[in-house]
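Throw the hints in and build the complete structure from the sequences for me.
Chains A and B are the protein sequences, given in the same order.
Okay, so the first sequence: first residue is 444 according to our numbering, each after it adds one.
Okay, so the second sequence: first residue is 444 according to our numbering, each after it adds one.
In short, the hints are calculated from the structure, not lab data.
Be aware that a few hints might be false.
Copies of one chain are not kept apart here, so a pair can be met inside one copy or by any two copies together.
[Claimed, not checked] Heads up, simulated SDA-like pairs for lysine to any residue below, C-alpha to C-alpha not over 25 Å straight-line:
hint : residue 1 : residue 2
1    : Lys763    : Val829
2    : Lys729    : Ala664
3    : Lys492    : Ser599
4    : Lys505    : Arg809
5    : Lys492    : Ala664
6    : Lys492    : Glu605
Because the structure is a prediction, the values reported are computed rather than measured.
Protein chains: 2
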Amino acid sequence: MRGGGADVTTRIGAPRPIFYPGDAVRRVKGDKLLRALESAGLDGVLVFKPEAIRYATDFYVKGFRRFLDIEYCLLMDRRGRHALAYSSGSDDYRLPLTSFLEDTRRVSGRVDEWAPVIVDMLTDYGLAAKRVGYDLLPAALDVRLRELAPHLELRSAEAMWEQVSADKHPLEVDCIRRAYDVLAIGIRAGIATVVPKTREIDVAAEIEAAMRRAGNEMTPAITMVASGPNAAIFERVATERVIGERELVILDATAVVNGYTADTARTVLSSGEATAQQQDMYRTVKAALRAAIEAVRPGATCAEIDGAARRSYNASAWSKYGSRWATGHQIGFGLHGAPLVGPGVHEAVKPNMVMCLEPRIHVFDRPESGGVQVEDAVLVTDTGCVVLSSDVPYSEALER
Amino acid sequence: MRGGGADVTTRIGAPRPIFYPGDAVRRVKGDKLLRALESAGLDGVLVFKPEAIRYATDFYVKGFRRFLDIEYCLLMDRRGRHALAYSSGSDDYRLPLTSFLEDTRRVSGRVDEWAPVIVDMLTDYGLAAKRVGYDLLPAALDVRLRELAPHLELRSAEAMWEQVSADKHPLEVDCIRRAYDVLAIGIRAGIATVVPKTREIDVAAEIEAAMRRAGNEMTPAITMVASGPNAAIFERVATERVIGERELVILDATAVVNGYTADTARTVLSSGEATAQQQDMYRTVKAALRAAIEAVRPGATCAEIDGAARRSYNASAWSKYGSRWATGHQIGFGLHGAPLVGPGVHEAVKPNMVMCLEPRIHVFDRPESGGVQVEDAVLVTDTGCVVLSSDVPYSEALER
Chain A
444 MRGGGADVTT RIGAPRPIFY PGDAVRRVKG DKLLRALESA GLDGVLVFKP EAIRYATDFY
504 VKGFRRFLDI EYCLLMDRRG RHALAYSSGS DDYRLPLTSF LEDTRRVSGR VDEWAPVIVD
564 MLTDYGLAAK RVGYDLLPAA LDVRLRELAP HLELRSAEAM WEQVSADKHP LEVDCIRRAY
624 DVLAIGIRAG IATVVPKTRE IDVAAEIEAA MRRAGNEMTP AITMVASGPN AAIFERVATE
684 RVIGERELVI LDATAVVNGY TADTARTVLS SGEATAQQQD MYRTVKAALR AAIEAVRPGA
744 TCAEIDGAAR RSYNASAWSK YGSRWATGHQ IGFGLHGAPL VGPGVHEAVK PNMVMCLEPR
804 IHVFDRPESG GVQVEDAVLV TDTGCVVLSS DVPYSEALER
Chain B
444 MRGGGADVTT RIGAPRPIFY PGDAVRRVKG DKLLRALESA GLDGVLVFKP EAIRYATDFY
504 VKGFRRFLDI EYCLLMDRRG RHALAYSSGS DDYRLPLTSF LEDTRRVSGR VDEWAPVIVD
564 MLTDYGLAAK RVGYDLLPAA LDVRLRELAP HLELRSAEAM WEQVSADKHP LEVDCIRRAY
624 DVLAIGIRAG IATVVPKTRE IDVAAEIEAA MRRAGNEMTP AITMVASGPN AAIFERVATE
684 RVIGERELVI LDATAVVNGY TADTARTVLS SGEATAQQQD MYRTVKAALR AAIEAVRPGA
744 TCAEIDGAAR RSYNASAWSK YGSRWATGHQ IGFGLHGAPL VGPGVHEAVK PNMVMCLEPR
804 IHVFDRPESG GVQVEDAVLV TDTGCVVLSS DVPYSEALER
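And the structure:
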């Protein structure tokens, strides 16, 4: 069944989604999802998150209209069949021509109008009285679904998605490596721009433009360029602030290739030589990063890895200023993902997980001192880990 | 009450949110929200959408981590009091130093951990057994809230937010005008880059970098540069496609200033003179745009405005290729908003609404013919409307 696009009969060759990772990655993801559905004991799953829909179908969802509610709802069943409901008229053209999806159904409008379409999909796939998972289901829609399909057994599929996202196949790791290639180009461009009298937003413009030209598909997180006092409070964007002399400047950026994300941060000095204090802060954070990387091996818990980094701050003059929150996070398809590398997270890391580690010091009560953050990504191996972000340059002035 | 940030005692002067529109706009928004709460008959409202939280508090929420679930939950009551629950450790610093919020509470982690914190907030503000609205409440959290606060009367506040977003104060219109100034700079930079042998992503890089340097706070929608066949299917991103000779190229971009969004589209020719067919497509779309703009006046329904544009396609050789979906949308705080300017939308526009109108032709079954989209924004006045996007240049080659 083709919804609104039924009269789009001329295809431009075979459908091929844009930014397509290829048939091999497609098979890897499909197999993984079917296994996850089975091990979660679900007969099907309703997917609302744009990245998750792209993961399951390779269709490049827009998913950037944040003030609206739902734009897509994908139903996937245990046989790997897909039905997609969508609300944007432009997808009438895009779906037949740039997706593999055969069953697409257009929905007109607001939350209330989605429920009958979703129930129709469930009915057509024999799932209206079965156990079906969901990710980010809006409450108003949940209420209507339960009214219209009283025998539907809805349950959260959050844990299933976490597992799928965290367990990376080598072909997926290759995609992440390509995203880090793009990101390295961006950070290099940004570092070259960091000089006194430049504004933070000018640096961000260079980072983003360089990544775009290198093939960045989207910027999933706001690019951060935090100088001087903004580094001290971890301001998470780039502002119009003019960078001063000999200031610490944190660059934190993200890139996406084939849907796979890279995330890294570096701290550089805007000019001159580092003060003894700046040097000490930087070395403390680098020591914490090294300690965390060394702690990553199969079976190590996230809390242990976090603790390894945290001991570096706590043994330094900067204990009060060390990161209060998680030292890191899984990186996946989309942006972040559980598990966090933080205190109290007793989940162990496993081979094929990719974890970002980003210890930080922020001198929030003496903002002129600034702050330091350095972030690297590691792939967990059978015996330890390998760093994926090694092409992203560190600061020459601070590494001395 | 200050949550995790309780020991952040040194303020950098008075708190002043970044990208702050000023006290006058703050008062306008606050008054509007209190009136809306009262007319919706709500005692309070729980707000999850990042843009809505920024609207109500002026705190620059990050809100870009799309694969995660909730990052913030704001409670606002009928007395204009605010309490904010948040999950990111970096906000420990940012909230005391760059927001006006006095009651902030940190939440560790997943959906299940939010419910007790939200119930505490409701209890502290005397709302645990009152009528409270919500916007994008996840179903899993909804279930837990109803268990923990069985006398809480939860209901959707979607209509309330739509009304608040659509009714623009003149000070808010000024913010939108500034966003259009930024967007005009971006589109000019993009048009200057559109030449054969340039890739779509190179054009997007120029648009985005120029807007960043001009003060763009974020890019709420993916910048679209669609050339040749990509224009024919309304591909909604910029790809690595190399632009050819004498092709139609659609540029569709967005900018944000002080949280207010501008959205515009232009179609240009990559080189040479337009063919008779390209010229005819372009003139048809421009005639549709003019017809839509002329139809905008208080009391005109969205369906009527849409119909005025649609008659232009239907009377042309392009009737099959005219936009199948809404001709436009409200533009607001955040990106889009209801009402849509589409068939079947019988809501009338009112003074102080800002509407984007974007008629289009896409020759989906003869992709070499490309497509045309032109988008302008109008402010509804007491007698008609004024165009806000008039500084965004049209194509010289196609306007002849």
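Evaluation of the provided hints:
1. Lys763 - Val829: Close neither inside one copy (31 Å) nor across copies (55 Å); limit 25 Å.
2. Lys729 - Ala664: For Lys729 and Ala664, only the intra-copy Cα distance (23 Å) is at most 25 Å; the inter-copy one is 36 Å.
3. Lys492 - Ser599: Both ways: Lys492 and Ser599 sit 13 Å apart in one copy and 21 Å across, limit 25 Å.
4. Lys505 - Arg809: Only across copies: Lys505 and Arg809 sit 24 Å apart there, 42 Å inside one copy, limit 25 Å.
5. Lys492 - Ala664: both (16 Å within a copy, 16 Å between copies)
6. Lys492 - Glu605: both (13 Å within a copy, 23 Å between copies)
Violated hints amount to a single one, hint 1; each of the other numbered hints is respected by the structure.
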